[in-house]
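S.K.: So you can see what is in the structure, the chains are spelled out below.
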Amino acid sequence: MVESTGFEGLAINAWLIWILPFVGGVLIPAIAKKTNQRITNYSAVGFALVSAIFAASLLITIPSGAEIHNQVSWISALNIKAGILADPLSIIMCNIVGWISFLIIVYSVGYMHGDRDIIRYWFWMLFFIGSMQLIVLSDNLLMVFFGWEGVGLASYALIGFWYSDRKKDYVGREGHYVLGIPMWASPTHAGIKAFLMTRAGDVMMLSGMFLIFMHAGTFGFKELLEDQTWANNMMQHNLLVPAAVLLFGGAIGKSAQFPLNEWLLEAMTGPTSVSALIHAATMVKAGVFLVARIGPLFFALAVFNVEQFFEVVAWVGAITAFLLATQAIVNPEIKKVLAYSTGSQIGYMMMALGIAGISTHFVDGYTAGFFHLMSHAMFKASLFMAAGGIIHVVASRFMNDMGGLRKKMNKTFIFMTLSALSLAGAPLITSGFWSKDAIFAALLESNSSSGIALFWIAVIVAIMTAFYTFRMVGMVFFGKKSTHIQQIENEIKLPADSSGTASNDPNNEYKSSENAEKTEKSSLTKEKEHVHEVSPVMWIPFATLAVATVIIGLAGFLFEDELHNIFGNYLETYFGIGLSDTGSSVVQNPHENNANTNEEMIGGINIMAVIASVTAFGIGSGLGIIFYITRTKDPEIISRFTFTRKIWQFLYDRWYLNALIYWGFVKIPLYTYNLIWKYFETYIAQGLNPAIQFTMSYLSKLVKFTQTGVTQTYLFAFVAGILVVLLLLFL
Amino acid sequence: MAAESSGILMAAIFIPLLLSPAAYFIAKRRGVKSATWFTFGVLLLSTILIIIPIFSLSSENQVYLESYKWSQFGNFGLKLDGFSSPFAITIYILCTVLVFFSRSYMTKKIAGQFDNLRPKNNLSKYLEDNNSIHNTNKHDDKDNKTFHEDDHAVGSQSGQKQISQYRYDLEPSPTQSINTQMGLFFALFLVFSMGMVGTVLATNLIEFYVFFELSLVPAFLLVALFGYQTRKKVSLMFFFWTHVGAVLLLLGLLAMGLFAGGFDFDTIKENSSKIPSDWMVLIVFAVVVGIAVKLGAFGLHMWIPGTYAESPTPISAMIAGPMSGIGVYALLRIWIDLLSVSYSDYSIYVNIWGVVTMIYGGAMALMQDDIKKLLAYSSISHMGYIIFGFGSSSMLGITGSTMMWVSHALGETILFMMAGVIIIKTGTRSMSNLGGIARKMPYTATIAMIGALTMIGVPPTLGFMSEWILFNGALQTGAENMDSFRVVLFSLAILTTILTASYLLWMFKKVFLGPIFAEYKNLTDINKYIIISISFVAAISLLIGVYPDPLINPVIGYTESIFSDSPEIVSLPIPHQNTEIISDTQNTKVSINNES
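Protein chains in written order, with this note's numbering: chain A, 1 to 731; chain B, 1001 to 1596.
With the rest of the complex left out, here is chain B (with noise of 0.2 Å):
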């Protein structure tokens, strides 16, 4: 695994963050389109440049490296493997098709904020083709004149012409605004892409850190500027829950380095047995603890639906399905990659936490009326299912559990997209205003449909295959180990597949089916941007559920790799051929690595 120098991922993770300024005055000058088309090229562009190296990878070199020197905490690295490449490029492709999506809800939530302060009418022409608004915007100089007259024209048409021009002297023009607002929005939205992607590739601990962090401030910012009603309170209470997680996680990081002597995961990974057993305990409490503040693990949960349900939604899906991954990888790289040693002591614990978070997200969300609420707690609930898979103790539980954000994050992408959706073209995200609206909006129903199946469980979307991986390793700990308590867990674990089941499809009734109300006579389904945008996702999901090689293989091999030698973590089932040497497991087993 020698490292690179040809800098594809150092272009890939640093091209949005240089690229994020020029998104803004793109939209200040040009308009809210060509800085949505800017931005897709920055983000499609970067994760091409993330997927190029997945190539390179085979079955004996499994690890891109790219490393830089760096200061005194060890080098600037940037790695693709088993582990982290799964998030890389989900994490990329989910924001590149978030941006269209974006484009059409932000507009529209912008506006609407210009909704209490000018006539409708006035703000409705704007608002009718997105295209004026890049028209008028074609020619800097003229802009103004041309808005005046607008408004001019409107304002005496309703014999306002006094008020309408005293209004205008004293703020912008609703599309000037816009588009300036929109600019922020996406420069933030670049540099919040970035963070992400930077998080799962980092290679050591301080480099790890900052990017978690980074990814935290745009985040904060886009609720904090974009958000509804309770935006200030959500976004605080966002950021102070994640940043006390992250300090909680940094004092464990900095105990890890200073005991391993060296901030770099190599290093770390080979001095891990170095670290005293007191100190284990400590460490291993403060990376999980602080790592389940992100994900919203039981009893930590507490900041989840208020800022899924108060951000904008595009930042909701970008927060729900995305983001969540940072947290997801940090678990996975960080306790079981790099304190693998210690993984099996504890693993139970982080078991128990993850089946309680799962019943109660799905408990919770069968008592939602929002539908963002709805997916916040289901969100919880499937972070509790990924925890549940972390804590198995079994190589096929990790594998299914990294699987299972994978699909998470498609699924809760698909899902917070609808409901956007809904928003943009009813108004309301309060189930109990909405129904039979499956009619009207047939392609977001089917999507919808195909997003709440990934999220079930149900072959042949990406859910089913994470979900069976997960379980299986999780009652192989149970059943080759005699532990009952584990069989336990795994029975209450698999029935909440069931509560999983019951709210999503309850939303879906509430939602599409049934009797429609009168108001919704007219709806028409949405433009056919945000269809493609979400058919995409939907598509990635029912591909890699037919035929999951893609992502599972190299997660498998990563995992087995972790754990050839660790005797405590359950091991894949020993494949049918070989089970004539029965006494030869061991070889047997060596074999399958070696393919691997």
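For reference, chain A alone in the conformation it holds in the complex (with noise of 0.2 Å):
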């Protein structure tokens, strides 16, 4: 084990990966300033290129399964350092944010072109990618919050980009009320929404932090594993699960896990580039990353019965898969589909890590999370930059404007559609496959109770999956073009009264309202010549994902088992978890006897878990085919019963959820507020103030009235008060 003490080899490299995107950020206005566009999109790439670098150079430590921790003085008063911790898993995730962040910066350059407000965009840019990755690399829970806030203000600021909430920077079908509530958001909106949701998971978190240290006295990782008394101390008050649970609140923000998932559609409203960081490596990864960071740690101390903590977090997963998998299906919106998947995705994480905890296996279920954490991050990145491109081209975000676009726009089709395959987890071909399998492995194999119904929770959303992909997939770049794309193709501008648009989407309903919007389109597009595809600067960052996907999809197995062995090792080393005895101080795994059955699993594929992800792909893939590429069966026909319309509305409707939101924390707060302020703030100063000066007025007539002028009375006066003063002294 190497471990760093100070300023010295690798340390500084792991220093620098999170503090060099800050320092460009800052940097980017003046470099603006001083040169031109090009100079400064370059610095913006070259800065986060480079934190990627650094992040590539702690890669020669994962064979040797060292850690290098590093501290140095901040809070002296309270005994906090500051520090960095770059162990197996940490350096494996900043890999992962590090370069995909890079490649979207690069998609960046093509697609913000000519923006005015680049400098604004580079500066937020290179700030979400510094806190994420001081997220990953700190050492201790106050800098993670520091991270934490970060991404969150980060996200805020970039959702709201377009800050002038022109009508197409909008998200959702304008006119969409759900119990009185509107469905569409203007970015700003957008913004403050994201940026309250996620608040309220940070203050679950910061409670959960609050409990650990008063305990413990100390905030950091490896302090919290090295002397467990603080775990002793909470558990005889019972804080202990609490404080876990409450740190899990922060992840469910950040994740956007249900309840705190109605944020994620909305941030759709941000340019597409920010979607696909806050979708592939930053602010939602966060809470799958924190759950990986603190989980081993609370399952080392499981001689205290933590498992509620992990039950918890895969039945948050669970319910949050099969949520969003299911609003997926229905949305118009290629972005939101994405969205909606992203939180589904994000589910399967925290079910597979939740497993982990409750298992006889923690390293499988923590793999197979992590796993999937990794090709999530790769597909998802490349979806939104081709999904970005091609709004980019078509100037709309709704699917029913696009279709047929497969000849245009060859290159962005077949990219696009090799990761939506690893999305759907085509098998054999593509990492996804590989790692929604090792999750319903480890769902499978872990011997608790509900691991069978977190498993059949998990086929169903896999079918729904591969439904909504072929889905995207299909009306995107099959079928008949839409009217939308022959009026850009003919340049002919559409009248605003034309609202036939050709659609095989049952919310047909909902275009009428949208002329307005037509028109603006329709003004838009006027600029753009004809569909067409898009520049290399920005297909080659999606391409290059959607092949690595493949890649490592096709080495899947051994990528896993090597994975798996990385974070056996880690598991056992620092957490005593794992196969054999450490002899470490660490309190020893109570689950150990049944250890050796781990070395079964590493040598062969669960058959079941197996056949469930075919099957499931095959099922939704074939539904998908059938309805939307083939387009041998119409979608409209669940409109004709009552029943289906009546779901299908339900789900659009988003369960009702955002509008159940709204009117708790927004719209009934917001009427008690104003009647405080009208029957009683208002009332109290407009009537008690004028009371008082009334009342004074009146006081001072009184005392007017002694005011004689007459000596006498002074005189009497002055007598009778010395006389009073003497007597009270006296006696």
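Hints in this document: simulated from the structure, not taken from any laboratory. Any given hint could turn out to be false.
[What the hints assert, rightly or not] Listed next, the stretches of chain B that the computed footprint assigns to chain A, with coverage defined by at least 3 CB atoms under 8 Å from CB atoms of chain A:
#1 1458-1464
#2 1504-1510
#3 1548-1559
Every residue gets a Cβ at the ideal spot worked out from N, C-alpha and C, and that includes glycine.
Two chains, two frames, a set of hints: combine them into the complex.
M.R.: And the structure:
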């Protein structure tokens, strides 16, 4: 074990990984002032690249399983140190973050070309990356929280990036009300929503941190592990599980898990590159990473019963996975489909991390969750970037306005389909298949009561995932060209009242409300010449990731095995969770006697899991192909039956969750405040103060009455006063 | 802690007072620009003087004291210690920073009053460039003539020669009037600043009260003379409310002094246990309620929205930022420090009051359309945070609250300056008339965002540092004593941070984001003096937010020294290294105290 104590060796690289993007962000405005646009762009890309290279330089420590832990003094009065902790977990994570962010930054050069606020964009993107790397590399919870709020802030700024609130930057269909709550949002509104909802999670996380801090006196991960008397203390007060669950509350907020999932959809108002960054590399992955960070810590304390914590994690993940997958099926906006799918896939990761804690093989679930995080980061970044390209070209975010794009946008079609296959879990050739398979296997082998239930939820979600993925690909690339496309190609301005767009989606009823937007869109499309392929600076990044998913997919089993070994070693070395007795001071894993069964798992594939995932892919993709690619069946079929239409409406209305949240936390409180304002505050301020003034003036009149001007009276009063004082003094 | 006789603090306090008439005459004779630089120089000098003694402080010697023989009330002392130094330094720094902003704002504001009296083109000529005002004043004897000619020219052009000359005879020239008024403003400004710093440095109850009132009088005059439409009503209300609070406080202070046998802080601290418990209730009540008026705690906050909204904006910033510190400091020093024996008995009530104030202020802030009123309510809400922390009965809570005041002062000053900039530039402070001006005023928007983040408590601003320490302390009390009521209070309080975030982000959205109004097409950002002033405040917030040691160490050290042997007060979390000897907790605690 290499332990670095000073600023030496690789430690400085680890510090620079997160410091550099911040420095870059601060320098960008200065660079932009002195030089031209091109150099500014290059320097932004440069900062991201150098940070990623530093991340890569840490990879050499992986085979040895070493960790780099480096601290400097920070808040001396409370004995809190700032430090970085680069162990295998954070090294792998910071490479994922660094390289995917780098590709997204490259893509942004093309995507954001010509935007007048490009400097602000670069600042916040680099700030975002820096904050995420800070979360990944910090060695204590307080610094993690710095990064945590940093990503929250950056997401607020980037979701509301186009703050002029032009109609084309809105998300959701205008005119769609649920329970009287509008379901469309402007960028600035969406930014505030994201900030406040994640803040609700952050508040929980802070509370959890406080509970741990007051018992342990430290925030450091290493320190918490070294001496576990704090856990003893907390357990005696029944605070350990609440503290863990509160910490997980932060992850719920950031990773958009149920019940704080609703901000993620409105977050689509940002530039698509931002969505890619939020969904693939930063922000939502922060929550998963946090669970991966603290999960083993709490598991290592397993002499105290912390299973409830992992149960909560797994079930929250399962609920979210199901909830969001159902909504993805019916959504007409390409970015929102992807957003729902992100929430749903993060749910998978949470399930895997949760099941790790309640199963006998911690490392299986742990590896599966993290593997899925990796593959999801790659294919989702790729999908978002491709979607951004399409939106860029088509100038609409609605899939009904696309269709038949496969010939014109050949490269986008190929690479997006590859990534989409990975999302759907196409067997054997995609990384998504292997990671999902690993989760299934972990769920099946968990030997816990909830394992089977979770497994079936996972399978159902997998079917839905495959279906909505193919629906998306089908609607965008296959079928007839939509009127919108034809109109762009013919460069004919659409009259404002023509609403008869060709559509295979059952949402036709909302079309008419779109007229206003249509006009704006058409005026916008006048600038575009025709539907065309995106520029290389845009397609190369997502092509790279798409190819990478396939490469990992082809080597999938070996890859997973390798990851399994790395994490197995990691967990065993540092947490004493593992296959053999390490003899370390760490509390031994009580499930250790079952550990031998792990060996069997590594050697072979879990047949049941493979069958399940292949079947799920088969069913889901089959339905998707029938309805949206070959189009042998018309999806309108569901509008024929009341029951299916109701379900469709229910899903389209987001299970009423968004509306309920708005009623509960926005409308009703505001109404109450307004009542207080009207009938209490104003009443008192305008009623009491004049009353006091009146009293005062009345009193002054009384006093005035005594001012007679007659000397005798004054003398009398004076003498009387002296007498009173004398009496007081001598009595 | 031997008394020093260098007189540095004495000079830091009395230089502004003695030189305040000079500010008036300089403005009158040499123009506003000279007076601005003069005021700035005086305050800068005082700030530096007050910072110098800080470097002589160390972990062994935590107090810098200057003491002079005074009257039968005791000694006249000036003391910098863990509690007073953050307040004194913050107050002086913010006052210094506000000088340039005052100049830009007040010259426009005062000239605005002429708006009704004089033809607009005439006026705007003087406003174009403040230098012209200065230039014309360079030659005193020529002054009248220049203006006469000026008036003459304009008047004849518009065929209003007669009228303009008539007006000239009746009133002083606009420049002359602006100069005089600005002189008065800066003179009062200096006295105001000095009174506040005097309050936090005092070592004697009577001295404390004298400074306390001394800061109130110039504040009242500033509001009454330079405020907006309803300034007379509002200034009286301000004076009345704070005065009633002060009198209540005075009664408490007198009772304390009489029972303890002296008015010096040291005497009272030694003898505070001599106060009979029946009287203690009354004294604590008088002190806390008297101060709560100053803080604007729930129920006693009625004077705040009006005063903050109708004062000239630099004075709003002064009252909301630095001046709120007097109340916070008074609560800290007189209740928590001097009456520490009674502290834990009454802390829970203060705790509840704090939570109510937090929520109420935040909720009312959401209902506002006037930016300054919104900020006023946000100030009330933030005072709630501080009161909540002071009632937390834990060392971290008290430390966090003290830090919270510093971040509040920084944040509130930034935001009020932002409001002032918007008023100067757009002439409105109603949020519904604003929107999308971030594009036109990028610097103001950026710095306002930092101010808002400081108030919300987002890292890396100071707001977060103070917030987590404060809330950690509050939860600690609840969790360690298994006091579910306190845990509920904590939950309500920490959820209020979401409310804080919502009204500030909402304000930011309404003012700076969204579609822009056509009338703001030609809007430009404010001049660089103001930008630099506000950025300076923002930079302090960011720097201390990342590296809080200079602020946190003295405060936490002093808090520990007060409560080192009172078991009711929840101590700091035990640092990890010492947990091996878990049975030896008492020893560990002592060793920490010695270190700091």
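S.K.: May I ask which of the numbered hints given earlier this structure violates, with the numbers listed in increasing order?
M.R.: The structure breaks none of the hints.
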